[in-house]
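> Can you make the complete structure from the sequences, with help from the hints?
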Amino acid sequence: MTAPNTVATDVVLKLTNVHSYYGAIHALRGIDIEVPRGEIVTLIGANGAGKTTTLRTISGLIHPREGSVELNGKDISKTAAHELVVAGIGHAPEGRRIFSRLTIYENLLMGGFTRTKAENLEQVEHVYGLFPRLRERASQKGGTLSGGEQQMLAIGRALMTRPDVLLLDEPSLGLAPILVQQIFGIIREINSRGMTILLVEQNALQALSIANRGYVLQTGEVVLSGSSRDLRENEMVRKAYLGED
Amino acid sequence: MTALPATSEAGGARVPMGASLKPLLRLVVPAVFLVGAYAFMGPEQFVNALTRGAIYALIALGYTMVYGIIELINFAHGDMFMMGAFVSLTFLGQILGLTGSITDIARLAPLLVAAFFVSMIVMGAIGVTIERLAYKPLRGAPRLAPLITAIGVSFILQNIVMLKYGPFQTNSPKIFPSFDIVIGSAKIPALSVFIIVVALSMMVALQLFISRTRLGRAMRSTAADRDAAQLMGVNINRTIAITFLIGAALAGAAGVVNGLQYGVSRFDDGFQAGLKAFTAAVLGGIGNTVGAALGGFIIGFIEVGATVMGFSRWGPAIVFGVLVIVLVFRPSGLLGQQLGERA
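Top line first, the protein sequences correspond to chains Y and L. Each residue of the first sequence is one higher than the last, beginning at 1 in this note's numbering. Each residue of the second sequence is one higher than the last, beginning at 1001 in this note's numbering.
Read the hints as simulated data drawn from the structure, not as lab findings. For glycine and all other residues, C-beta sits at the position ideal for the given N, C-alpha and C. Hints are not guaranteed to be accurate.
As the list claims (entries may be wrong) - What follows is a list of derived Cβ distance ranges for each label pair:
1) Gly185/Y / Val1322/L: 52 to 60 Å
2) Ala24/Y / Arg1238/L: 28 to 36 Å
3) Ala24/Y / Phe1329/L: 41 to 49 Å
4) Gln181/Y / Phe1033/L: 52 to 60 Å
5) Lys117/Y / Glu1071/L: 29 to 37 Å
6) Gly30/Y / Pro1137/L: 29 to 37 Å
7) Arg1214/L / Arg29/Y: 37 to 45 Å
8) Ser146/Y / Leu1021/L: 24 to 32 Å
To be verified - 30 Å max Cα-Cα, derived DSS-like pairs, lysine-lysine:
9) Lys117/Y / Lys74/Y
10) Lys1136/L / Lys78/Y
11) Lys14/Y / Lys74/Y
12) Lys1174/L / Lys1164/L
13) Lys78/Y / Lys14/Y
14) Lys141/Y / Lys1022/L
As the list claims (entries may be wrong) - Some chain Y residues well away from chain L (every beta-carbon gap over 10 Å; in silico):
15) Asp10
16) His26
17) Arg29
18) Arg37
19) Asp75
20) Val85
21) Glu106
22) Leu121
23) Glu122
24) Glu125
25) Arg135
26) Ser139
27) Ile183
28) Ile190
29) Gly226
30) Ala240
Put into structure tokens, the structure is as follows:
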């Protein structure tokens, strides 16, 4: 890909001074985030800090009232969510939101809704390779899966869109520790094959352990950012998010 | 906490049944019902019940599809049926100047096709326009707002027709010749057979559309979870518009059929028919297209059955009585929800 005129490093996703609202609530208060290609970037922070809102703003489910969201150098802050899927954003939303009445296979095909049949047949194999469990249960209804399997399906479904950047919203939420390990292992694996990932997590320790860099959100603002190593050693992060004192 | 959508428990209201028994019962119960009804009513009334049921079913599909996708009880839908009848009578009677039956099949066939085509297209366009102007701006509003808007739209449609055609019945040309198909001692009106075949083909086509096509998948996913559907690349505005288009077109088709069958239409025809079709949709399980068709036919049988027993005036009371009983024992209707459940 030829780099757009201004960008020096290859940044897939760039948020500049983004303000988003939920009705009257000013949920994001001027957020700046950069996601370089091929990296894992994590957003950490407490409940209500604006992590999910940030992802929803990126994927077009809500539109920022101010500021810009750029994907591959193009402003997408006013683009509709369904068009952003084609543009390269894959979003595995909070709470998984799989189609519980559809089978696993049909769920994956929904992920490939904007793609051709041939592309989907190929990509389904790729997803099954990452999650062999999904292949075993392909004809089962999504609603019959366990929480961990549903998360795998949600990630697999987002991968079916063949995104440039994969947004993952709390993939470890509500999972047993062993499953959390497994999910994080898979996230790292997906990344090692070249996928750029923006990861929202409450489990800050885990998130920072696999991410290249992170942003700490508090009440709709970025209060801290840097490489994962710096953040892990930061006094405030250790106290507030890593449970140390 | 599980991520399972809350309404997936709707199935829990069902009576648990052995897995092997259930499909068998699904075949046996309707079969027994149909044979019983046939023996009780006789062939003529049996076909009459099917004909009425087909009209209710066509209207009920529009209710159930719209409810399935945006959870709106579109009270104006019955009036879409009424308008469909008026579009048809305007086209056949006033534009083409037809009055009576046409016995030449070479002339009749294209006229019928044209009547369905015109009515379905015009009503489809009206349906999409109404959605765009009246319901779409209220998509984020509390549910009461679009509901009341729908009642308002219903009044508007009725009054438009009343202004143009007056408060009395308008004749609709019965272009379909009235001859009977004689099977043994039974005489079945050919028109009834035609209506049943047309309605059933439309229902089968709709079912295939919903279950097999890309747009059908878009509809089901939008019904299940609007946000998730968008994240899959589904254009939900277009999908909702198409849902209205199909529902309204089916109401238009029902209007044509109604005109052929009864020969008259009035501006308030949509109220009664809409109410019964809505009942059919709820009876079958609102949101479920197969359920709506089933509910339509059941109501046709109840009404005609009541008439056969000499209780024709009690028809509506029995219809709603059955609805109450079904909802007490199966709150989600006979077939529950199928278009999709909400997260």
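> Tell me, in ascending order, the numbers of any earlier hints that this structure violates.
Violated: hints 20, 21.
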